[in-house]
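Read in numbering that gives the first Met the number 0, the sequence shown has 276 at position 277, and its numbers run on one by one without any break.
The set of hints was computed from the structure by calculation and includes no laboratory data. Some hints could be false.
Claimed, not checked - With a straight-line cut-off of 20 Å between C-alpha atoms, the simulated DMTMM-like cross-links for lysine to aspartate or glutamate are:
1. Lys419 to Glu229
2. Lys227 to Asp213
3. Lys150 to Asp167
4. Lys376 to Glu195
5. Lys388 to Asp343
6. Lys389 to Glu229
7. Lys376 to Asp189
8. Lys197 to Asp213
9. Lys127 to Asp113
10. Lys389 to Glu424
11. Lys127 to Glu108
12. Lys250 to Glu229
13. Lys388 to Glu349
14. Lys389 to Glu371
15. Lys395 to Asp213
16. Lys150 to Glu182
17. Lys389 to Glu272
18. Lys254 to Asp343
19. Lys376 to Glu178
20. Lys176 to Glu195
What the hints assert, rightly or not - Listed next, with one range per pair, are the computed distances between beta-carbon atoms:
21. Tyr85 to Glu424: 23 to 29 Å
22. Arg138 to Gln293: 46 to 52 Å
23. Phe111 to Leu38: 52 to 58 Å
24. Glu347 to Thr181: 19 to 25 Å
25. Ser302 to Asp196: 22 to 28 Å
26. Ser145 to Pro186: 21 to 27 Å
Since the model is a prediction, treat every value here as computed from it, not as a measurement. Note that the Cβ used here is the ideal one computed from N, Cα and C, for glycine as well.
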Amino acid sequence: MSTFIQSFNVGANSVSMTAKYFKFIIIGSILFSIIIIFLSATLFQEFFDLKMEPQITSILEDLSTLINIFLMSFGVGVVLTTLIAYRFASVYKNKIEDEHIKGSSVLSENAFADYQSQNSIQGYAISKKVKLNQDDLTRMLGVYGSTGTGKSVLLRKLFKQIYGDNHDAKIIFYDTKPEFFTEFYQPNQDLILSLEDKRSVHINLLKLITSTRDLNRIVASIIPAAIKGEDEGWVVMSRSMLSGIFIYCIKQNIKTMQELRSLCILPFNKLLEKLSEIEGTEAALQFLDIDEKQQTIYQGVFSSKISFIADYPCLDCPPLENGHINFEEFFTSKGRRVLWILGDDNDEKERLKRTVSVVIELASNSVFALGENQARKIFFFIDEFSELKKMDSLQKLIVKGRSFGCSIFLLMQNPFQLQKTYGREDAETILSCLNTNIIFKSNGDKTLEILSNMIGKSKVKEVNSNQSYGLSLMRDGASHNESRKIENAVL
Numbered sequence: 000m001s002t003f004i005q006s007f008n009v010g011a012n013s014v015s016m017t018a019k020y021f022k023f024i025i026i027g028s029i030l031f032s033i034i035i036i037f038l039s040a041t042l043f044q045e046f047f048d049l050k051m052e053p054q055i056t057s058i059l060e061d062l063s064t065l066i067n068i069f070l071m072s073f074g075v076g077v078v079l080t081t082l083i084a085y086r087f088a089s090v091y092k093n094k095i096e097d098e099h100i101k102g103s104s105v106l107s108e109n110a111f112a113d114y115q116s117q118n119s120i121q122g123y124a125i126s127k128k129v130k131l132n133q134d135d136l137t138r139m140l141g142v143y144g145s146t147g148t149g150k151s152v153l154l155r156k157l158f159k160q161i162y163g164d165n166h167d168a169k170i171i172f173y174d175t176k177p178e179f180f181t182e183f184y185q186p187n188q189d190l191i192l193s194l195e196d197k198r199s200v201h202i203n204l205l206k207l208i209t210s211t212r213d214l215n216r217i218v219a220s221i222i223p224a225a226i227k228g229e230d231e232g233w234v235v236m237s238r239s240m241l242s243g244i245f246i247y248c249i250k251q252n253i254k255t256m257q258e259l260r261s262l263c264i265l266p267f268n269k270l271l272e273k274l275s276e277i278e279g280t281e282a283a284l285q286f287l288d289i290d291e292k293q294q295t296i297y298q299g300v301f302s303s304k305i306s307f308i309a310d311y312p313c314l315d316c317p318p319l320e321n322g323h324i325n326f327e328e329f330f331t332s333k334g335r336r337v338l339w340i341l342g343d344d345n346d347e348k349e350r351l352k353r354t355v356s357v358v359i360e361l362a363s364n365s366v367f368a369l370g371e372n373q374a375r376k377i378f379f380f381i382d383e384f385s386e387l388k389k390m391d392s393l394q395k396l397i398v399k400g401r402s403f404g405c406s407i408f409l410l411m412q413n414p415f416q417l418q419k420t421y422g423r424e425d426a427e428t429i430l431s432c433l434n435t436n437i438i439f440k441s442n443g444d445k446t447l448e449i450l451s452n453m454i455g456k457s458k459v460k461e462v463n464s465n466q467s468y469g470l471s472l473m474r475d476g477a478s479h480n481e482s483r484k485i486e487n488a489v490l
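When you get a sec, could you build the whole thing from the sequences and use the hints?
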């Protein structure tokens, strides 16, 4: 009853609401009874056997009948006015509640499951009721959450279904633990890339170059573009230098990473002697033919840019007889295959991030080299994405991958970290291209702000209520003003 009374006159105090409620019911019931009595005494005299004669006996009989009619009609009036009050309260309560007009909105799991059922959505289960639409796979997917919130549990659930359902899939999987590798690795068909693992294949950059286009892509994979605030000139210099060294290797028939590394770490004066004899290295020579002081500065910058090559283990681990990865051959081979890029807690963190980032970049470049084909089934699963180095080709693949039959799953704890790696604009581009996002519990004001903005904004009708109090109960009142505003769907 108290809930009903409050909804009947929202905005006033409880005593005032109770008084107004009973006043409405009593007055309404009395008016209803008076109308019934009037109709009974005029139009329905015969029905109620009202004589309406001046004799005392007739008057008493009619009065008794009218009292009974009054009592019955009053009871009916109480029921009717209560229903009217309830209806009025329901409509009025809806009017003064905030109302979603357009934009993003939050659905319960049951409501979303009903939507999927009504639209016959087919896909992979991510909970007991909700599925990930198959068509959303190539629209890219982001998974966010702090450690221990369930990202790995969800990924395992999804990966099992995708792995079992796509028998011709090619998968690039960066497994940081590596826990998925232990469960799903197939030694007869899968490849391992972990520079400290005896089973790992090698990366031979020189064997990946079959054209000038390949050369430029590999150089860009090793030396990503500058982010905002960095000097683009150092990137141009380093790319020109590395391109010149690659051209030298091709012309001199150099085939191994060990020889490539030896060239990259040569003092600039000795490198100048070698490249000056080779046609096509002019862009590199302009940065080599300088005074000794400038050479020292340039060489320091260049060494930091090609640290992947400088740190590459060319000898014992992994064994050279394991062969090297050819990404285009991998993507065009038959059957389901996985390239497992394994994390290693014992490896130096920066070195691991460089290696993983370069491998993913090389793989992304190879997808573009294959040409557009939406029928392909290529999957990238990248854990701790925000912790890796800048990957320009992967960024382009996130935008255009659908046309190449490519699905990308990015898992990260801190999307705000992307701004430090890619710059704000590119980071926002990456996040905006992830059309499906699954968000677990996250921490940090900046991270929560980004995730809230990703979910989107909604336009709502907001009702502001004001309450006034009078000297008597019946003088209490409330007023309500409507306004429209745009706010985040989830704060």
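How the hints compare with the structure:
no. : hint                         : result
1   : Lys419 to Glu229             : holds, 11 Å
2   : Lys227 to Asp213             : violated, 26 Å
3   : Lys150 to Asp167             : violated, 26 Å
4   : Lys376 to Glu195             : violated, 29 Å
5   : Lys388 to Asp343             : holds, 16 Å
6   : Lys389 to Glu229             : holds, 13 Å
7   : Lys376 to Asp189             : holds, 16 Å
8   : Lys197 to Asp213             : violated, 28 Å
9   : Lys127 to Asp113             : holds, 13 Å
10  : Lys389 to Glu424             : holds, 13 Å
11  : Lys127 to Glu108             : holds, 10 Å
12  : Lys250 to Glu229             : violated, 33 Å
13  : Lys388 to Glu349             : holds, 9 Å
14  : Lys389 to Glu371             : violated, 24 Å
15  : Lys395 to Asp213             : holds, 16 Å
16  : Lys150 to Glu182             : holds, 17 Å
17  : Lys389 to Glu272             : violated, 33 Å
18  : Lys254 to Asp343             : violated, 28 Å
19  : Lys376 to Glu178             : violated, 23 Å
20  : Lys176 to Glu195             : holds, 14 Å
21  : Tyr85 to Glu424: 23 to 29 Å  : violated, 55 Å
22  : Arg138 to Gln293: 46 to 52 Å : holds, 48 Å
23  : Phe111 to Leu38: 52 to 58 Å  : holds, 55 Å
24  : Glu347 to Thr181: 19 to 25 Å : holds, 23 Å
25  : Ser302 to Asp196: 22 to 28 Å : holds, 27 Å
26  : Ser145 to Pro186: 21 to 27 Å : violated, 34 Å
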